[in-house]
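Sequences are here, hints too, so could you generate the full structure?
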Amino acid sequence: MNREKNRSDNLRIAGIGRCAGIHIRVNGRMITAFPGETVLAALTAAGYKVLKKSNVRGEARGPFCGMGVCYECLVTIDGTPKQRSCMVEVADNMEIILYEPDNG
Amino acid sequence: MNRTTVEVLIIGNGLAGIVAANRLVAAGADVMLLDENIHIGGQLLRQIPERLGSLRVYHPDYVKKIGFEFIAALRTEKIVVRNRARVLGIYPGREVLIETAEKKVSTVKAERILLATGARERFLPFRGWTMPGVLSSGAVQVLIKSSGVLPARDLVIGGSGLFLYSVAYECLKAGAKLRAVLEQTPLWNKIPLTWQLLHQLPKLTEGSRFLSKLIFSGVPLRYSTRIIEARGNGALAQVVSAPVDGKGNIVSGREKIYPTQLLATGFGFSANIELAQMAGCLSAYAAERGGWVVKTDANLETSLPGIFTAGETTGIAGGLKSICEGEIAALSILRQMGRPFGPAHEKRLAKLLRQRRHHLQFGKYFNLLYRIPAAAYLDIPDETLICRCEEVTMGDIRRAVANGYDTPATLKIALRSAMGDCQGRICGPIIYDILAALTGRSQAEMTPLVVRPPVKPVSIESLASYSE
Ligand SMILES: Cc1cc2nc3c(=O)[nH]c(=O)nc-3n(C[C@H](O)[C@H](O)[C@H](O)COP(=O)(O)OP(=O)(O)OC[C@H]3O[C@@H](n4cnc5c(N)ncnc54)[C@H](O)[C@@H]3O)c2cc1C
Chain A
150 MNREKNRSDN LRIAGIGRCA GIHIRVNGRM ITAFPGETVL AALTAAGYKV
200 LKKSNVRGEA RGPFCGMGVC YECLVTIDGT PKQRSCMVEV ADNMEIILYE
250 PDNG
Chain B
867 MNRTTVEVLI IGNGLAGIVA ANRLVAAGAD VMLLDENIHI GGQLLRQIPE
917 RLGSLRVYHP DYVKKIGFEF IAALRTEKIV VRNRARVLGI YPGREVLIET
967 AEKKVSTVKA ERILLATGAR ERFLPFRGWT MPGVLSSGAV QVLIKSSGVL
1017 PARDLVIGGS GLFLYSVAYE CLKAGAKLRA VLEQTPLWNK IPLTWQLLHQ
1067 LPKLTEGSRF LSKLIFSGVP LRYSTRIIEA RGNGALAQVV SAPVDGKGNI
1117 VSGREKIYPT QLLATGFGFS ANIELAQMAG CLSAYAAERG GWVVKTDANL
1167 ETSLPGIFTA GETTGIAGGL KSICEGEIAA LSILRQMGRP FGPAHEKRLA
1217 KLLRQRRHHL QFGKYFNLLY RIPAAAYLDI PDETLICRCE EVTMGDIRRA
1267 VANGYDTPAT LKIALRSAMG DCQGRICGPI IYDILAALTG RSQAEMTPLV
1317 VRPPVKPVSI ESLASYSE
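Going down the list, the protein sequences come from chains A and B.
When the letters of the first sequence are read in order and numbered with the working numbering, they come out as residues 150 to 253.
When the letters of the second sequence are read in order and numbered with the working numbering, they come out as residues 867 to 1334.
Worth double-checking, as some hints may not be accurate.
[Stated by the list, open to error] Rough simulated footprint, nothing fancy, chain B against chain A, three-plus residues with beta-carbon under 8 angstroms:
| id | segment |
| --- | --- |
| 1 | 177–190 |
| 2 | 207–213 |
| 3 | 234–241 |
These aren't lab readings, by the way, just hints derived from the structure by calculation.
Source: prediction; values computed, not measured.
We put the beta carbon where it would ideally sit given N, CA and C, even for glycine.
Quick look at the structure:
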């Protein structure tokens, strides 16, 4: 947990007066996020690179276009599958599930 | 979204959309401004949301300053502005199908529509480009600018076009270690500079600021260099590049390996014309405009009466052109609506149309300069994925074309390419280019694919919420 925290601090750019952190759960694990960040940004800062498996071959896929076009960053958010994580902002207690077959 | 009719519906609130909205609202029109993005401002005016804090590393340049002024000037009580609202389709009689942030689907009937749907990035596939850790250059910029997050502390940037330099600049400012910028276009090229480019001085000074930052930071800048492979075990670990010759062919035996966790790649932009095509507006291929664009008359009206388009949809040429066209479209719409249109309006319109020609000239220069050579597509190895969603490879395309499936429509049926989640937004422009390269035919002679609604995947629940 401590090591994760260091990693995430490391990827967040310094010099931004962020509000107090909130918590979201990723496959059951608690991570810290900041209001205003997208789900994709929070996942990226926490070190998640693989978000789903590809449709046909089941290969690991991560975010690609970052702006809602490619559908490579699909995750399940609060029970709704196939959400583009780059197009949704984080909210406290949000529940994210990665690698669901539904999101492939 | 309880409104069911509106005078002018603007789709897209990037520069073109917000400028048009301002002009129309000022003239008393009833306007609705929709965008699927979380924040207003489109691609250029991405900013750290206030709630997240202030990011001082960026100095908004001249174009962005204009844009932010327009956003501030939007008199929001006289206009309906909706973000996270996706337009799924446009039907005869200008009935527009919209999915809101709450995943509710409804329709709005508009007297006039302005399509200001902008552009997305364009790519040249290479072996391993689907590997986690390979991101588009725009994705890296968006993560930095809208969320204050770097995808990794070290990176390589590779592809072609001016945009790479602005991403490089932002990465350096954000404290990333930039290992190299790989540009496949030669440093010196044969396209003559024209005097019209001088009208774009602010853009050129901005460009030189980016470049000097790179040079002073000691970042290796490699021209005539193409990424040929992304390597790693599950996630990116190495980027392999190779030099290319004057024709765009890879020179083998001189590969270079860069260890890195992140590759940001992009090859310029491609206009978002699918919504216009779905509505039935004619599109056309023009290399000097950056590829397929929406056809318009001089007043930016499309082939369908009452539907206008402005911004990157008519040709890739950067922010100033979008600002200019946003106002042209607004004036044309006001005139068509029979609003007061005097000599002052005529004069303003004439001036804007002159400016537009300069912007198009600027766009033409860079679109031709950074055009991906046919040889680059012919060099793609068979096993490389082209369609990321349906996992269609270059070899699949080569075989299909050899078997006579050599038009956009027949190829799509043969391979199911462009039928996955992204609905061809990523591979579509690539496949047109590949077809042209493999067959030697110009895209201007090709019939574009018919785009069917919905233009974006929509869930059954959303559709179920739709009742007349
Ligand atoms: C990733 C990226 C980065 C860029 N960075 C720069 C830069 O640094 N400098 C520069 O000069 N130019 C940049 N550009 C080019 C940029 O597009 C133009 O400069 C300018 O911002 C274009 O303005 P626009 O209004 O034409 O389109 P955009 O700003 O692209 O706005 C179009 C809007 O339409 C919305 N939209 C599209 N389809 C739908 C739909 N179906 N439903 C609802 N909304 C929809 C999009 O969400 C978007 O907000 C960039 C482009 C991209 C793609």
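Verification of the supplied hints:
Counting residues of the segment 177–190 of chain A whose beta carbon lies closer than 8 angstroms to any beta carbon of chain B gives 7, which reaches the threshold of three, so the coverage claim holds. Remark: the segment 207–213 of chain A is confirmed as covered by chain B, as 6 of its residues place a Cβ nearer than 8 angstroms to a Cβ of that chain, reaching the required three. Interface restraint, the segment 234–241 of chain A with chain B: holds (4 residues with C-beta to C-beta distance below 8 angstroms; minimum three).
Checked against the numbered hints above, the structure breaks none of them.
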